[in-house]
Amino acid sequence: MNRHLNLLFTAIGNIIRNKVRSIVLILCLIAVLFPFVTALSISEGIKFQSLISVEEGADIYVTSDHYGSNAPISLQHLQRFQKMEGVVKVFPRVVGRSYFANRLATLVGIPAENIPKSIRLMQGEMFREKGEVVVGKGLAKDFQLQIGVRFTLSVNSSKIFKVSGIFDSDTTIWSSNLILMRFEDASEFFQMRGMATDILIYTRPGYAPLLAKEIQENMGVSNPDSSGPPLRVQDKSLVKRYFQRGFNYKAGVFTALFTVALALAIPALLVVSGFGQTERRKEIGVLKATGWQTQEVMEMVTLENLVISLTSAPLAILLAMAWLKWFNGAFIAQFFIAEIGLMAPFPVPSRFLPLPCLFAFLFAMVLTMVGSLYSTWRTATIPPAEAMR
Amino acid sequence: MSRKIRTYLLFLVVLIALTVLAIAWDQYSWKRIHPDQMVAFQRMVGGIGMGAISTPIWNFINFDPRIQPVDDSTLWPIPGGYSYGPDRTATVSYFEEIPVNQLILQRDTMDHLKK
Numbered sequence: 001m002n003r004h005l006n007l008l009f010t011a012i013g014n015i016i017r018n019k020v021r022s023i024v025l026i027l028c029l030i031a032v033l034f035p036f037v038t039a040l041s042i043s044e045g046i047k048f049q050s051l052i053s054v055e056e057g058a059d060i061y062v063t064s065d066h067y068g069s070n071a072p073i074s075l076q077h078l079q080r081f082q083k084m085e086g087v088v089k090v091f092p093r094v095v096g097r098s099y100f101a102n103r104l105a106t107l108v109g110i111p112a113e114n115i116p117k118s119i120r121l122m123q124g125e126m127f128r129e130k131g132e133v134v135v136g137k138g139l140a141k142d143f144q145l146q147i148g149v150r151f152t153l154s155v156n157s158s159k160i161f162k163v164s165g166i167f168d169s170d171t172t173i174w175s176s177n178l179i180l181m182r183f184e185d186a187s188e189f190f191q192m193r194g195m196a197t198d199i200l201i202y203t204r205p206g207y208a209p210l211l212a213k214e215i216q217e218n219m220g221v222s223n224p225d226s227s228g229p230p231l232r233v234q235d236k237s238l239v240k241r242y243f244q245r246g247f248n249y250k251a252g253v254f255t256a257l258f259t260v261a262l263a264l265a266i267p268a269l270l271v272v273s274g275f276g277q278t279e280r281r282k283e284i285g286v287l288k289a290t291g292w293q294t295q296e297v298m299e300m301v302t303l304e305n306l307v308i309s310l311t312s313a314p315l316a317i318l319l320a321m322a323w324l325k326w327f328n329g330a331f332i333a334q335f336f337i338a339e340i341g342l343m344a345p346f347p348v349p350s351r352f353l354p355l356p357c358l359f360a361f362l363f364a365m366v367l368t369m370v371g372s373l374y375s376t377w378r379t380a381t382i383p384p385a386e387a388m389r
Numbered sequence: 001m002s003r004k005i006r007t008y009l010l011f012l013v014v015l016i017a018l019t020v021l022a023i024a025w026d027q028y029s030w031k032r033i034h035p036d037q038m039v040a041f042q043r044m045v046g047g048i049g050m051g052a053i054s055t056p057i058w059n060f061i062n063f064d065p066r067i068q069p070v071d072d073s074t075l076w077p078i079p080g081g082y083s084y085g086p087d088r089t090a091t092v093s094y095f096e097e098i099p100v101n102q103l104i105l106q107r108d109t110m111d112h113l114k115k
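Top line first, the protein sequences correspond to chains Y and U. According to the working numbering, the first sequence is numbered sequentially starting from 1. According to the working numbering, the second sequence is numbered sequentially starting from 1.
Since the hints were derived computationally from the structure, they do not count as laboratory data. Since the model is a prediction, treat every value here as computed from it, not as a measurement. Hints should not be assumed to be uniformly reliable.
Under the rule of at most 30 Å between Cα atoms (straight-line distance), these lysine-lysine pairs were calculated in the DSSO-like manner [said to hold, decoys possible]: (1) K31/U with K47/Y; (2) K19/Y with K282/Y; (3) K47/Y with K282/Y; (4) K325/Y with K282/Y; (5) K83/Y with K240/Y; (6) K159/Y with K141/Y; (7) K159/Y with K47/Y; (8) K83/Y with K213/Y; (9) K141/Y with K117/Y; (10) K325/Y with K141/Y; (11) K325/Y with K31/U; (12) K31/U with K282/Y; (13) K31/U with K117/Y; (14) K47/Y with K325/Y; (15) K31/U with K240/Y; (16) K19/Y with K4/U; (17) K141/Y with K130/Y.
Beyond 10 Å from chain Y on every Cβ pair, some chain U residues (computed) [claimed, not checked]: (18) R32; (19) I67; (20) R107.
The beta carbon of each residue, even a glycine, is placed where N, CA and C say it ideally should be.
For reference, chain U alone in the conformation it holds in the complex (with noise of 0.2 Å):
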């Protein structure tokens, strides 16, 4: 094994040890973080804030579905209505519409269906 391997191979295993460390470290600072202000503020304004944009830009669903859970954005393409919003590509956070069954068949249609 030549001189060059050895410290190729050094290397390797520094970069490795030093990669592991890193992440242990970043491990440890998020437990030691006591996010009490982040809970004050939520628990101030009742939640506020669930995607990766920090203005209510386009689709306020991006922001926080619990203000708008509705996806303006799928009105298009109404003629005047929005469009789609950039703001959704590329995003690591993306809030879908839930669907919510509206659907109530009444009990004469049933009977009806049955004759």
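Same shape as in the complex, but just chain Y (with noise of 0.2 Å):
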């Protein structure tokens, strides 16, 4: 036990002595690590925010299918799904877009009805009024809205709008560039009257798996007795597979990306830490030459390794955490959500997990243990006054 205190001593010993080559290996390793971890501890604060939205939206979604793609679906709909049993609750919804200025927003429509008592705004009130919506705080912020300020929208700019209060900042990252208005706005907006974009069913538990089964044989692409477009039904599990895709690690681009950037970063360090090479090599030479065991020269380079990762890697997590926590992500999480330019709007939701700070210190062990071993080993093999030459 003594002989691996000591070489652990001896191994920041090295580190102190060469402080030149440690400082400038824990920097690459913390400019590697630290996009790692910001990524993944956002992916964790954005799952969290979907999966709310996966669990409090509805049981079935139906649209008509129009060639393969999404379709308005008409309103007759409704009353025959209100009918079926185990429905607990059907309402029609508009999701659309438009530019807002030069700013691409997402203009939903819903039944008035459908507000409940115990939503909060950062300032005004939910609409009540014809013509009256609640806007995002990034479209606010940007555009200087206030509570009373009308507008109108290129699409149907005979259709004017009045701000009646603003989201708040911390409702959801999507909630940001949305225009909320009456499902009857709506569809004057985008006039499309008699129709909405999808069709929300609430069921029992249990009952959702057969009415998206019924729905889907009685209107589906493969009925061909059923007049009109065929119906595209979605029901909460295949929301939930979407869910867990779309945030596997594997399926995201920004895991290849990274990947890349580490082949890149091990023959990098390898440069870096041969940083000083010569001196290492004379160093060996004489701890063979005083009778140092290749075995203990490769223990010691390890320790040497693990006191460097063991400083980088916690060094990248308290500053991504800094970084997320008190700059909102400045500059930084535009990288990882798209279109939020270099201030986002909203809090960045992120979550730093145990597992992924195991990961970052793990690669960190990897990027440094790649880029010494075999050289310290291939110095250690040959005769010490050799390597001290």
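Could you use the hints to bring the two separately framed chains together as a complex?
In structure tokens:
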């Protein structure tokens, strides 16, 4: 045990003695690990919000299917769905998009009776009258929208909207560029009266798969007798599959990009850790000449890498945490959440779980080991006189 | 053991302890979050948004696959059609279109194959 401790102290001594080399190595590792930790924590934060979106959403979503794509559905289906056994609630929804100046905004129309009393706004109140809308904080901030401001959008400039409220930034990331209005206003704005983008069905527990199947069979693509275009039915289990697949790290393009960065980092670190290689060779030569075994030299270098990794991984984690929590991920979050700009208009969700942090440490270990172990072994196995030359 | 080594060891222990505490604090703060406003909002709109994007740009599917579960960018390269969405890259989520089997083999076709 004493021998291992002595090797550890020698390794720390080496790190302190080769200050420049150690600092460069730690900074390189922080540069590699910082985006990794940041991305994983943002991913976990969004996952949390996304799960709420899935769980609190409807049990079944029904739209029309036009040429294989989603299309508006007639409100005539509403009554039929309401009469089905096991159905608790049915309501139509309009989800569309339109440019608000140069910003793409999501326009959502819902029946007024669907507004809960518990909803809290940053300013103003929920819409009550025709033409009133609630806007996201991102839109309100960028375009200095105040309560009572009237505006029109070029899609239908005859429709005048009035801002009645501004969403709280804590709601979700998707409410930032959202304009919420009454269902009738949205239908009027998009000039699609009697239609909805989707019909949302809430069912009693256990009924959703059966009802989804029934709707699909009676009016789906496979039924040649159904009049009008076929319907597309999505139930909660399908939405959950999207959720699971969408946040699978292997499926994310980020992982592919990070793997490339990692692959480039290994040779870079090989060069960096070879910084002062001549001095290193001499050191190993002296150690060998004074009776050190190759195994001991290797152990000392491994311990050196361990200490370097134990220094850089926590520093990268703390830096990522400070940047995301205190500076709201300024300049960085935009790489992981699309279309938010340099400064996110909402609190960037981030969640630091122990496992990704452990991965960060393991990454650091792998990088430093790949960069130093082979060169050390080669130097340690040649005669000491040759190594010291 | 020199004083410098002792100081470095102490720094390392403090750094690791600080990191563990920071992770534990983050875990605790997430547990304390009462996402009542998120729940109220999502119940009100019927569930909206899933991916790491706040605007429905290029592919609606990356904003919410419930709203547009068909990936329009796969229609490319139809002349005049959509091009690949640049916003599909680098974000921490990516929704792929889940294939749905719509193939139905008719009985007489099967009989014909048997013959």
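The hints, checked one at a time:
no.	hint	verdict
1	K31/U with K47/Y	holds (15 Å)
2	K19/Y with K282/Y	holds (17 Å)
3	K47/Y with K282/Y	violated (52 Å)
4	K325/Y with K282/Y	violated (46 Å)
5	K83/Y with K240/Y	holds (26 Å)
6	K159/Y with K141/Y	holds (23 Å)
7	K159/Y with K47/Y	violated (36 Å)
8	K83/Y with K213/Y	holds (16 Å)
9	K141/Y with K117/Y	holds (25 Å)
10	K325/Y with K141/Y	holds (21 Å)
11	K325/Y with K31/U	holds (16 Å)
12	K31/U with K282/Y	violated (54 Å)
13	K31/U with K117/Y	holds (25 Å)
14	K47/Y with K325/Y	holds (17 Å)
15	K31/U with K240/Y	holds (22 Å)
16	K19/Y with K4/U	holds (12 Å)
17	K141/Y with K130/Y	holds (24 Å)
18	R32	holds (13 Å)
19	I67	violated (5 Å)
20	R107	holds (15 Å)
The structure fails hints 3, 4, 7, 12, 19 (numbered hints given earlier, in ascending order).
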